[in-house]
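From just these sequences and the hints, can you work out the full model?
The listed protein sequences derive, respectively, from chains F and X. The first sequence begins at 1 in the UniProt record's numbering and counts up by one. The second sequence begins at 1 in the UniProt record's numbering and counts up by one.
Think of the hints as simulated: they come from the structure by calculation, not from any bench. Incorrect hints may appear among the rest.
Distance condition first, Cα-Cα at most 27 Å in a straight line; then the derived DSS-like pairs of lysine-lysine [to be verified]:
hint	chain 1	residue 1	chain 2	residue 2
1	F	K43	F	K56
2	X	K98	F	K126
3	X	K198	F	K62
4	F	K43	F	K146
5	F	K37	X	K98
6	F	K32	F	K56
7	F	K30	X	K98
Partial list, derived from the structure: chain X residues whose beta carbon lies under 10 Å from chain F [unchecked claim]:
hint	residue
8	C28
9	L31
10	I38
11	P66
12	Q68
13	Q87
14	G155
15	T158
16	G161
17	I174
18	N193
Source: prediction; values computed, not measured. From the three backbone atoms N, C-alpha and C, an ideal C-beta is built for every residue, glycine too.
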Amino acid sequence: MSLSSRMVMVLTTVGVLSGGFLTTVGNLTKEKIALNKQREIEKAITQVVPGTYSNKSLYKEKKLTIYGGINDEGILLGYAIQATGVGFQDEITFMLGTNTELTRINSLTILEQKETPGLGAKITDKESFLQFWENKDCTQPLSLRKPAVSSPEELALSEINTITGATISSEAVLNTVNSSLVTARMLRKDGKLKFEE
Amino acid sequence: MPTRTVSEDFTKGLWKENPVFRQLLGMCPTLAVTNAMINGLAMGLATTFVLVLSSLVVSSIKKLIPSQVRIASYIVIIATFVTVADQFLAAFFPPISKNLGPYVPLIVVNCIILGRQEAFSSKNTIGRSLIDAFGMSLGFIIALLVLSAIREILGSGTFFGHQVMGTWFEPWIIMVLPPGAFIALGIILGLANKIEEKTKSRR
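Next up, the structure:
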């Protein structure tokens, strides 16, 4: 056999074999990976809309999904808004829980982020950032308190403490929260967030 | 090639030819993922998986591959195992997979792996290649753990996530940031060279 045909044969064989192997592995893990993602979302919904027994996706677009948190009697408890916005390094995805009127934020949890460890990554930290989102009135657009104050009591009703050294990351979350709340309110007004049993 | 004993083939990866400290290979994952020990360990284990299996396959089919296409074949073999490792982590260890982010797929271009195939597995028996791969992997894991221990203790005050420094300790945030990786690695390499110099002069 000539050298070039041997070269082609070896490369083809290696390619086909590894392709087949990868298809098998991909099929074996695909379901598990999808399940992990789904579980993570469900856990986040239950966390931001306490008392959730089941959830229903009420609205979906590319970077915004709104779920309804439903209790065991089939009553809508609140909305869980999953939104993605541009952070400092990469996109930040979070889950925001509100009441059914979209006037109060229950809490916020970060699903995905690649911010700077030790600085921007503190957006996932309860003490430095997430605690300020708990039970927050959101009838007004929220704003950042900078420089940060030491105790949450010093914050105004619509203020969120900035993470020192990570203004961009804090702002990114804040802006996405504000804009997704605006969209959610509009959708609600248009009757698109209704939950029917 | 001088004949070497089995134990020499294994232990050379630990210090004498340690991929990080002595050969300066695989610097990208070394610098990038060592901000926490758990990430360093996971990266080390994922690299071990890829290196051992690639060495096994390459050393067993080395005679079939024409030398002109050997690099292309090695890369396809390595990439296959890397993809398997990536999907395995995403399926069974989602938090770790999230932390390591793009660095697992990047194992494909980790010079240690291609380097061992070219320098060792393509010239040695299957058994010796496996021993070499395990030795090199262990050396890589040790290097990642040393570096991530220094960075995690100084940068977060923790060891494998457990608080080890008292409340008086103000974490040096720079140590978990990229500059901290360069500073720590630079100091370690300096020390490694010093130790090597001393052992050489003693001989």
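Check your understanding: Which hint numbers does the structure go against, in order from smallest to largest?
Key -> 3, 4, 8, 9, 10, 15, 16, 18
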